[in-house]
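Spelled out, the chains give:
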Amino acid sequence: MDEDGLLITFRSECFVSNFELLGSDFVTVRAAPAIIDTVAQTIDVQVLFGTDLKNVYPQFTLATDCKLEPKITGKTDLSDLANPKIYTVVSGNRQVRKPYRLNIKFQ
Amino acid sequence: MSFRIITITFRFAILLISLSACQEEEYVLPEPVSQLTNDCLKRTIGPNIASLPIEFAYAMAIPKSLGKLVSAQVEASIPGATGTFLEHRSFYTNSGGVDIPVTVGSPSTALDDGKVTRVTFSVDTNAATLRYYYIVPETAKGQQVSFTFSVNSSDGKTASFKMGPYNISKMSIKKNLAVTNGTNAFISIEDMAVYNATAAAAIPDKIDLIYLFRSAPVTFTHALVSPNADAVYLPGVTLPSDMKRSTKLQKVFGLQDRNLANLQYGIYVDDIDFKNIDMTNMPNFAVGLKAEAGVWVETSDKKYRAYVYLNSINASGSAVISMLRYAL
Numbered sequence: 001m002d003e004d005g006l007l008i009t010f011r012s013e014c015f016v017s018n019f020e021l022l023g024s025d026f027v028t029v030r031a032a033p034a035i036i037d038t039v040a041q042t043i044d045v046q047v048l049f050g051t052d053l054k055n056v057y058p059q060f061t062l063a064t065d066c067k068l069e070p071k072i073t074g075k076t077d078l079s080d081l082a083n084p085k086i087y088t089v090v091s092g093n094r095q096v097r098k099p100y101r102l103n104i105k106f107q
Numbered sequence: 001m002s003f004r005i006i007t008i009t010f011r012f013a014i015l016l017i018s019l020s021a022c023q024e025e026e027y028v029l030p031e032p033v034s035q036l037t038n039d040c041l042k043r044t045i046g047p048n049i050a051s052l053p054i055e056f057a058y059a060m061a062i063p064k065s066l067g068k069l070v071s072a073q074v075e076a077s078i079p080g081a082t083g084t085f086l087e088h089r090s091f092y093t094n095s096g097g098v099d100i101p102v103t104v105g106s107p108s109t110a111l112d113d114g115k116v117t118r119v120t121f122s123v124d125t126n127a128a129t130l131r132y133y134y135i136v137p138e139t140a141k142g143q144q145v146s147f148t149f150s151v152n153s154s155d156g157k158t159a160s161f162k163m164g165p166y167n168i169s170k171m172s173i174k175k176n177l178a179v180t181n182g183t184n185a186f187i188s189i190e191d192m193a194v195y196n197a198t199a200a201a202a203i204p205d206k207i208d209l210i211y212l213f214r215s216a217p218v219t220f221t222h223a224l225v226s227p228n229a230d231a232v233y234l235p236g237v238t239l240p241s242d243m244k245r246s247t248k249l250q251k252v253f254g255l256q257d258r259n260l261a262n263l264q265y266g267i268y269v270d271d272i273d274f275k276n277i278d279m280t281n282m283p284n285f286a287v288g289l290k291a292e293a294g295v296w297v298e299t300s301d302k303k304y305r306a307y308v309y310l311n312s313i314n315a316s317g318s319a320v321i322s323m324l325r326y327a328l
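Protein chains in written order, with the numbering used here: chain A, 1 to 107; chain B, 1 to 328.
Honestly, the hints are just simulated from the structure, not real lab data. Please note: incorrect hints may appear among the correct ones.
Unchecked claim - DSSO-like mimics (lysine-lysine), calculated; alpha carbons at most 27 Å apart, straight line:
#1 K54/A - K275/B
#2 K75/A - K302/B
#3 K275/B - K75/A
#4 K244/B - K54/A
#5 K290/B - K54/A
#6 K54/A - K303/B
Stated by the list, open to error - Selected chain B positions facing chain A (Cβ under 8 Å, derived; list incomplete):
#7 P217
#8 T219
#9 F220
#10 Y233
#11 Q250
#12 K251
#13 V252
#14 F253
#15 N281
#16 M282
#17 P283
#18 F285
#19 V287
#20 G288
#21 A293
To be verified - Away from chain A, derived, C-beta distances all over 10 Å, residues of chain B:
#22 Y27
#23 A50
#24 K115
#25 N126
#26 Y265
#27 D301
#28 A327
Every value quoted in this text rests on a predicted model; they were computed, and no experiment measured them. For each residue, glycine too, the CB sits at the ideal point set by N, CA and C.
Next comes chain A alone, as it looks inside the complex:
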């Protein structure tokens, strides 16, 4: 078990497989599917005109047994476009850590 009570497994896969961004009404604010570059470790997402980025819910889909740091606990402020947020994926065996930069652009 790790510090979050999650099982530490033998898996070393460490990547983001899907990304979604929901507005305060829990409806997607993406203008197109997010582009995830697992080599450059970036997520590029274009959001709809008028999106309130101070109150959004990012959702990451990760490889099996991975976890995300920092944790997403609710509404998130992603409005500082000049300083993209970094989310780190940690593998199931907790040995591999991959930081992903979340780049957001308006439509």
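Model the placement of chain B on the given structure of chain A, informed by the hints.
Structure of chain B alone, referenced to chain A:
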């Protein structure tokens, strides 16, 4: 041999236990009504809002040998608003599930400054179910109201049934306001009304939202924008300099309040929703609104919170909105 005796004894014990465990209770015929009897249920669910009715069904019966029903009445702790009445027709439900009325008395009369609503029976009957519609008055907001239903019979007996107390919501409701891009587009939460540009210019400090429709960008479409919002959300709009309220908005999808949605769906917005919602850091615009979506609103002076619901939208640049308003 002894093993066989033990087995038989064991089986006998099991049989005895089974018999005692499955003892059947004898059916007892229900007692028929032997005196003047009454019962009541509240048919309305959801919050009790000023100007809307609270509906009850009041049932009463007396054995035929004792007499007949003479009158029925309801006393409300707070007089109901105009439109409050006790049905003079008794309803039964037919096999198709339809409520069928049978006239049993004259239309109800209001007594004691509207506190009491009475129906006098005009037919010889010993059982009836009357509906009571209490229109919640403005004066009852934030208070509790209770009701005493009673019935008199020809043998001089009276039966009564107390209902409540019920909390009356602090919310106000306004339904089906038409908004049109460029004309009837100025919304006041305080007044719960929509104004045109000329009327709005006379009350700039009361205008909380402007309805806009733009086909470009494609995601703008129907929008509610605060007068003080960034110009990018007010394209082509010139406002009077003193119209500058910054109203906070939060988009909601799937919250089709039953009262606002003209009695569709089974969801209710209640006082507690307005009390608990966190409107800090919310924007002062909401674009890309869809039919049957809504926005939570908080006025810039923090006097009111509201839920504005879009009943319908029209691609030519108009919509029908309804709102619930809560005074903070």
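* Asked: Are there hints from earlier that the structure breaks, and if so, what are their numbers?
  -> none
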